[in-house]
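Student: Sequence:
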Amino acid sequence: MDKKTRLLALAGVTLFSAATLAACGGSKSTGDKAETSTYTYVYTSDPSDLNYIVTNKDTTTNVTGNLVDGLLENDEFGNMVPSLAEEWKVSEDGTVYTYTLRDDAKWFTSDGEEYAKITAEDFVTGLKYAADKKSEALYLVQDSIKGLADYVNGTTDDFSTVGVKALDEKTVQYTLARPETYWNSKMTMGILFPVNAEFLKSKGDKFGAPNAESILYSGPYLLSSLTTKSSIEYTKNPNYWDADNVSIENIKLTYYDGSDPESLVNNFSDGVYNIARVYPNTPSYASVKEKYNDNIIYGPQDGTSYYGVFNLNRSAYEHSAKTTDSQKESTKKAILNKDFRQAVNFAFNRTSYAAQDAGEDAATKQLRNAVVPENFVTIGEESFGQVSQRELVEYGDEWKDVDLSDGQDGLFNPEKAKAEFAKAKAALEAEGVEFPIHLDLPVYQSSEVQVQKTASIKQSIEDTLGSDNVVIDLHPLDEDSYYAITFYAETPEQMDYDLSTAAGWGPDYQDPSTYLDIFNPTDGAIVRQLGIEAGGSKDVVSTVGLDKYEELLREAGAETHDVKKRYELYAKANAWLTDSSVILMTTSKGGVPVLSKQVPFSGSYSWSGMKSSVSSYKYIKLQSDIVTAKDYEKAFKKWKEEKAKSNAKEQEDFENHVE
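For the sequence shown, the positions run 1164 to 1822 when the working numbering is used.
Worth flagging that the hints you see were computed from the coordinates, not collected in a lab. Be aware that a few hints might be false.
FRET-style restraints, in silico, Cβ to Cβ [what the hints assert, rightly or not]:
1. Thr-1723 x Asp-1313: 51 to 61 Å
2. Thr-1272 x Lys-1297: 24 to 34 Å
3. Asn-1316 x Ala-1721: 18 to 28 Å
4. Ala-1589 x Asn-1316: 39 to 49 Å
5. Asp-1313 x Ala-1792: 29 to 39 Å
6. Glu-1276 x Lys-1800: 42 to 52 Å
Listed next, the in silico BS3-like pairs over lysine-lysine satisfying Cα-Cα at most 25 Å (straight line) [what the hints assert, rightly or not]:
7. Lys-1369 x Lys-1252
8. Lys-1806 x Lys-1793
9. Lys-1220 x Lys-1392
10. Lys-1333 x Lys-1220
11. Lys-1491 x Lys-1701
12. Lys-1806 x Lys-1454
13. Lys-1252 x Lys-1797
14. Lys-1328 x Lys-1252
15. Lys-1269 x Lys-1454
C-beta atoms are modelled at their ideal positions from N, C-alpha and C, and glycine is treated no differently.
Please work from the sequences and hints to get the whole structure.
Tutor: Written as structure tokens, this is what we have:
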């Protein structure tokens, strides 16, 4: 089954999510209504389609999450609250979830005309369509919903054996193969959204095409315009069931390729945009800082993790500085050597890398040191990161004093880099490896920030290890060529690089497996980016030790009752992945300098899903005045306090839903 990553930053064009500053009340929206009812900014990549059931890339879900609702959504504190479902309950054994639809749940056309009521059968239709079309997001539910795997694999062609039922017009029920304490957090993923059978039949293969008329709407917005590499525009759905919570009436996004970072602040100053990224390394930054010194704010880091990936089994060399087979073979052997990968890992100065984007003052604010964010879940009184860090030390002394917490560079260490490289070089020379090792790194050339960041990678690694030992060969490419050999490459054979930074992952649900399973060598969502064919490449898998990693994942996944033990087991897998250094952690979304007229913490919040702070505009409010850093920090402190209380209450309330 081909699994595909849901979220990826446009290489080097790290803007921030639509709701980077979103979450709960702050200052009030004031001023002229037109000024506070229209959201204007940029977007960086066109959606290939609007098929929210089948497509799982962020370019699609960032759009459709505003157009279609699911059964539940996230509130301002990340709690799961009713959306199309007004009530839900779960069986005592945790395997049967029953949702009751609200009476005013309706479908609308792109013109805002009522099409039909949303019924329980629409959710059955949606899941069957996902299975029949082999949705990119099937991995989220295939092994979760009872009988679905058998239907997808062809063991049965009778969909009635699958654990999704319309008990009546208003009641949909899911039966799981095993308990999942995090099941409800999957309710904001498109694969579990409804589809009207009559409309689906009328559209056929054109359902979800990249135009406004290809889908029905049940969400807060209607898509009014979509022009490739030009603009995306939304208008408020006036008949939406929860219209009172939709303050922004119009959203206008303009395509941005990253070639002119200063244009963002200039347009903000001119009143064209009401939010903007600030790039401290641009020539005009001094004047920007002087003008907006009290207004530059830094949103919190979110769940999206970015990293570099090693190609463990490269076969394409159309974009390479290597001129001989000996160089190619030497690089392959080096990449398969863990000490070599660790040497590169420790030699990579992330602070310098992030400074090319966020500036020296905020260079560490977006850094992430492990694929699972340290505070994604808690294990008793400890964070997930703390337990992972303790497990990591078991792999060797090189991990002593390494800090996996967010917001600081816990990995860059020239002394450790040189020590690991010395071990690697001795072993590789014995194998006849030719030095220096050449690592091909693609660069998205239209993005000034991307060019600067990859140049930083080259400088720090070569300076630390010596260019007589390792050379990073940069390959500037246009957008289409860049993505064709990285993110959009469909097979390992198309991955034309030794090292790529076009890799990132946003969590789909609230469990560590959402980050760690993607590297499972048997069916991992992006394992192909490591040059591995899912279920194949056995020699490489064994050499690198990914088979041992899979065993750790299997053991953790089998624990479905004791949540603390489950998380502890996943912490072991997280530690293995860090030690392996097959990926090089870089940054997260958030933590970047921003100017904004968005009311601080006024939108939904979540680590995961299509209704999270990553892309949802529903609850966001705008204000006429620019947010000050002082007001933002005050609102942030208040929000964190209220969030802690609210999350604790939600955990208690969960028991009220158990039958």
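Student: Hint compliance check: list the failing hint numbers for this structure, sorted ascending.
Tutor: 1, 5, 7, 10, 12, 13, 15
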